[in-house]
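Trainee: Protein sequence lines correspond, in order, to chains A and B. If you count by numbering that gives the first Met the number 0, then the first sequence holds residues 0 to 623, one letter each, in order. If you count by numbering that gives the first Met the number 0, then the second sequence holds residues 0 to 450, one letter each, in order.
Don't read these hints as lab results, they were simulated from the structure. Yeah, the Cβ is synthetic: ideal placement off N, Cα and C, and Gly gets one too. Any given hint could turn out to be false.
Unchecked claim - Quick list of in silico lysine to aspartate or glutamate cross-link-like pairs, EDC-like style, CA-CA up to 20 angstroms: (1) K365(B) to D308(B); (2) K167(A) to E181(A); (3) K407(B) to E551(A); (4) K228(B) to E295(B); (5) K394(B) to E181(A); (6) K82(A) to E182(B).
Claimed, not checked - Looking from chain B toward chain A, a few residues come up when the C-beta cut is under 10 angstroms (computed): (7) F180; (8) I359; (9) A416.
To be verified - Chain B regions said to be covered by chain A (calculated; three or more residues, Cβ under 8 angstroms): (10) 181-192; (11) 403-411.
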Amino acid sequence: MKEFDIIVVGGGHAGIEAAIAAAKMGCSVGMVTMDKHAIGRMSCNPAIGGSAKGHLVHEIDALGGVMGLIADKTGIQFRTLNKSKGPAVWAGRCQSDRKLYSEEAERVVSSTQNLEIVEDSVLEAIEENKKIVGVRTGKGEEIKCKALIVCSGTFLNGLMHTGLSSTKGGRFGESPATGLTESLVKMGFVSGRLKTGTPPRLLKNSINWNILEEQPGNENPEPFSLRTPIYEFPYLPQVSCHITYTDPIVHKILEKGFDRSPLFTGLISGVGPRYCPSIEDKVVRFADKERHQLFLEPEGLDSDLIYLNGFSSSLPAEIQFEALRKIKGLEKAEMVRHGYAVEYDYFPPYQIDLTLETKLIEGLYFAGQINGTSGYEEAAGQGIIAGINAALNIQRRPEFILKRNQAYIGVLIDDLVGKSTNEPYRMFTSRAEHRLLLRQDNADRRLMKYGFEFELISKETYHELKEREILIISSKQYLRKRKIQPGQINSFLESNNLSIIDNTETIEKIVKRPELSLRTVLEQSNGYDETILKLLNNEKALQQVEIEIKYEGYIRRQEELVAKIEKIEKIQIPLNFDYTNLKAISTEGREKLNKIKPRSIGQASRISGVTPSDLSVLLVYLKS
Amino acid sequence: MHFEDDTIVALATPFGVGAISVIRVSGEKSIETIDKIFIGKIKLEHCRSHTIHYGKILDSSNELIDDVLVSIFISPHSYTGEDSVEISSHGSVLIVEKIIKVIVENGARLAEPGEFTKRAFLNGRIDLAQAEAVADVINSRNEASFRGARNQLNGLLSQRVNFLRESLINISSMIELELDFAEEDLEFVSLPQVLEKLYSIENEIDELLDSYSFGRIIKDGINVALVGKPNVGKSSLLNYLLKEKRAIVSEIPGTTRDIIREEVAINGILFTLYDTAGMRTTHDEIEKEGVSRSVETVKNADVVVFLNDALTGFTEDLYQQLKSITEEKRIINVLNKIDLVTDSNIPSDVKISAKTGEGIDELFDKLKEKALGTGNYSEKTAIVTNIRHFNSLKKAKEFIENARESIKERLTGEFIAVDLRNAEDTLGEIIGRVTTDDILNNIFIKFCIGK
Ligand SMILES: Cc1cc2nc3c(=O)[nH]c(=O)nc-3n(C[C@H](O)[C@H](O)[C@H](O)COP(=O)(O)OP(=O)(O)OC[C@H]3O[C@@H](n4cnc5c(N)ncnc54)[C@H](O)[C@@H]3O)c2cc1C
Ligand SMILES: Nc1nc2c(ncn2[C@@H]2O[C@H](COP(=O)(O)OP(=O)(O)OP(=O)(O)O)[C@@H](O)[C@H]2O)c(=O)[nH]1
Ligand SMILES: [Mg+2]
Chain A
0 MKEFDIIVVG GGHAGIEAAI AAAKMGCSVG MVTMDKHAIG RMSCNPAIGG
50 SAKGHLVHEI DALGGVMGLI ADKTGIQFRT LNKSKGPAVW AGRCQSDRKL
100 YSEEAERVVS STQNLEIVED SVLEAIEENK KIVGVRTGKG EEIKCKALIV
150 CSGTFLNGLM HTGLSSTKGG RFGESPATGL TESLVKMGFV SGRLKTGTPP
200 RLLKNSINWN ILEEQPGNEN PEPFSLRTPI YEFPYLPQVS CHITYTDPIV
250 HKILEKGFDR SPLFTGLISG VGPRYCPSIE DKVVRFADKE RHQLFLEPEG
300 LDSDLIYLNG FSSSLPAEIQ FEALRKIKGL EKAEMVRHGY AVEYDYFPPY
350 QIDLTLETKL IEGLYFAGQI NGTSGYEEAA GQGIIAGINA ALNIQRRPEF
400 ILKRNQAYIG VLIDDLVGKS TNEPYRMFTS RAEHRLLLRQ DNADRRLMKY
450 GFEFELISKE TYHELKEREI LIISSKQYLR KRKIQPGQIN SFLESNNLSI
500 IDNTETIEKI VKRPELSLRT VLEQSNGYDE TILKLLNNEK ALQQVEIEIK
550 YEGYIRRQEE LVAKIEKIEK IQIPLNFDYT NLKAISTEGR EKLNKIKPRS
600 IGQASRISGV TPSDLSVLLV YLKS
Chain B
0 MHFEDDTIVA LATPFGVGAI SVIRVSGEKS IETIDKIFIG KIKLEHCRSH
50 TIHYGKILDS SNELIDDVLV SIFISPHSYT GEDSVEISSH GSVLIVEKII
100 KVIVENGARL AEPGEFTKRA FLNGRIDLAQ AEAVADVINS RNEASFRGAR
150 NQLNGLLSQR VNFLRESLIN ISSMIELELD FAEEDLEFVS LPQVLEKLYS
200 IENEIDELLD SYSFGRIIKD GINVALVGKP NVGKSSLLNY LLKEKRAIVS
250 EIPGTTRDII REEVAINGIL FTLYDTAGMR TTHDEIEKEG VSRSVETVKN
300 ADVVVFLNDA LTGFTEDLYQ QLKSITEEKR IINVLNKIDL VTDSNIPSDV
350 KISAKTGEGI DELFDKLKEK ALGTGNYSEK TAIVTNIRHF NSLKKAKEFI
400 ENARESIKER LTGEFIAVDL RNAEDTLGEI IGRVTTDDIL NNIFIKFCIG
450 K
């Protein structure tokens, strides 16, 4: 009989990070997935990153994950969103070559030591005394394990809808995963149903490109990963996306199909994401909006397919086709594949702990879409945390939890467990109350120490970070004292129509002016010490110094807030704490606390329905 | 959620009358905090535990609030086990609120129900077996305040605060929209418009803040002392106002011996009326005691109605005496029994007849004016009655000011958003809402998002 330390179910974005992290940490890992070539397949949008998702990718990368590296290798357009705003909301996004992405993912997984790919499906999880011991597979095998990480994506009892007809499947052309939900429910888990959708794919050369608005990538694309060698990047030729719009005529045609919409006729019971509605949803809910924006995204360099972003639909195929032919530029478009919606099982995430281990069964972890999230980055972020924790658990090392003030990943998991989403959860920067601290640019400074600790980040990379850190600190000290004379900078200021300075000032003070960059100011003077000469040659450190000087006040205020909150975050609640007899706590508060079993007073304070006086009472009992 | 080691303050004695009130302050910085507002012989930080000190408490503009006695308790030898200070002041509601307010301004925060007891417990000053009891205290008090929150007055305030919070959430949504959905085909905010909206929210908060002194009086009532020489008609006026024969009225001077206290709501405002013994020099022991109580009542009154008899004239000596025990601006000169004279040049603010009711409406106006200033409030106005709410509103206002500052400095949305969120949370504390998903929910409802 086969045996692994850890079995990872599913080779999606969550499964990849989980399996690789655990294997690199020294565990023997078996990735059981239905189709080897579907490893890292992008179910929907051929893109990685975006607002808040870019942040997640940087964090995964700093922890030693692979998503950033794969995206960098296979990206065919890179952009930084929100560049006109402050650094906290800059977010990387790339269009990926869908085929190359999944090939690269498969290559990375296959070449990882301690990691074996098992092409099979998991039908059943096996436990003994509330402890996971193995799985039973579709090929009739039993595989033993000490920990099991389920990353089943949209496959559990997947059901795809187009019009009034539905087919079983987790993704176009792929079978659903059956049996596993039922086996988990038998153990005592509660499952729920969610839905998501995808738009039609069009034939590239059937589109009238000449009349469409072009959206190119950045001229100087920036990679996601710190470990991507900058001289090789970008690896692939860069291409553009295009933009078009629907109009009232298109909407009229769509309306014709509403009587055959699985969404409106109640055929779909799962809850869909409000931030990613289907085109029919948009037409109904925002009836007075005359047009909706659509993006035409290339699926790959060699691919004939174009992904019609914004036109996700589960209306009958012929309606989709008729409507899109009325869209500017798509008059002659060929629809290679229609859009569809998919319904799948998830497990409401109050059932997991902040380590992603389930509260019910020891050694059983859930990561990715199974926890109610949607999106590759959200899945990958959970995957790496589950992989690390499963390995730590087996090695009897202390668990690893990221806090809300440390990472978006921390916000994500804390939200999942504490709010137990009942609609697909996507990350947004506004979900992070410490947004100004959780930036893409400092993900390495926030998290790489952990990646290094778990040996997912190499010594060299980590030393580079440490050296950068020293450079940043010493540069800041220097610039606080180093002065600049009016004579050195005023001619520059005048020629740029900026107000001049009357007195000698420190460089630190001058750089706080929003219109001046650190580099320009430094270039106006000379005779710097070695530190600054080094800084001028280290773009990444230079950027950190600049951000920390410019936004010092705001950063300090957020840090103060964090320090205050830290106090209640530190007050632990034992996991086996019994709330049932605490009569002094409100009924709603008691129910929620019992269900979610928060780890700390801080976590408890974020549960809706738990009042401040409930928390006071709780504090009293914790003491006794 | 507050943190367990900050400095808290609350009234330790029952709220209301009582000659002396005790205000308790506890926490690491309690002595330091009181030192900032207390003027005594020596700094409290140099004093030993369990010592009592006489001195003055000053408000933020260095004006005297009250003469007080301050007791020092140094950790762990205090009720809570932390450094504590107890301030004994005069019993007036107004004085107590003023003292608490200045303490809060200097860094303490108002204690939550049962919090002193809770700290005592957490610091091992109370038996573990009392955990249950403490929890019940916290809970039942909270329920009481919850019930209180349902009364009409607080209902109006909640509505108002909720409205302001929602307006802020709308502004936040527009700003967040641009940060999280930059790619969408949406029209984004114009900052001048946001500035204008923030201004108007700030103005509304100002209005609420202004209503505080009024609100306090609404909640606790206006203390009115009816004073004058014997037989000028004090009891008659009381009876007229109460619309019942509460006090004995007779033509014999010195009828009323002890103080009669009655509450009456007129035009939605609660008045606590004190009918006093007529003030004169007397050898009757009982009447003597009555007179000295009258003096006490005058001291504690928000407004003193000084009655004179139209037939016997203005009693200058008594007026001088009153001025020496209360501020002149609190006194209303009322000339009674004008039904008995045709014309009178006796000096007065109002002329009335406790018999016919003439001039009574005018007297009300004067009473209100004296107690409330001339603010324009009606029963439909939301009013702040609670100092905790007052403080939250003040904090919210500061956050909004910060946000406006960020806009003026041309900082981008994420910087503005920080302060807006803080302002929303602070307002949320008043009405017990802290959920963080409100902004996103609002965005999903209002804007067509999603590719
Ligand atoms: C039609 C569709 C539309 C989507 N639309 C959006 C969208 O609009 N926006 C968005 O953000 N996200 C969308 N997604 C979601 C996005 O694709 C997922 O969030 C992301 O891929 C989840 O990653 P994952 O690792 O959890 O699972 P997946 O990427 O789904 O991978 C799951 C893997 O597990 C394997 N597997 C599952 N069960 C078993 C089993 N029992 N035994 C063996 N192998 C198993 C599968 O074969 C698959 O390889 C959509 C997905 C689909 C299918
Ligand atoms: N005509 C007339 N008589 C009044 C008026 N007010 C009071 N009186 C009479 O004046 C007398 C004294 O009234 P009280 O109300 O007892 O006077 P007091 O000020 O309470 O007197 P002491 O309690 O003795 O201090 C009674 O006979 C009243 O009827 C008034 O406005 N007009
Ligand atoms: Mg009388």
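Trainee: Hints first: check each against the structure and report whether it holds.
Mentor: Checked hints:
no., hint, verdict
1, K365(B) to D308(B), "19 angstroms, holds"
2, K167(A) to E181(A), "16 angstroms, holds"
3, K407(B) to E551(A), "18 angstroms, holds"
4, K228(B) to E295(B), "16 angstroms, holds"
5, K394(B) to E181(A), "52 angstroms, violated"
6, K82(A) to E182(B), "12 angstroms, holds"
7, F180, "7 angstroms, holds"
8, I359, "46 angstroms, violated"
9, A416, "7 angstroms, holds"
10, 181-192, "holds (count 4)"
11, 403-411, "holds (count 4)"
When each numbered hint is compared with the structure, violations occur for hints 5, 8.
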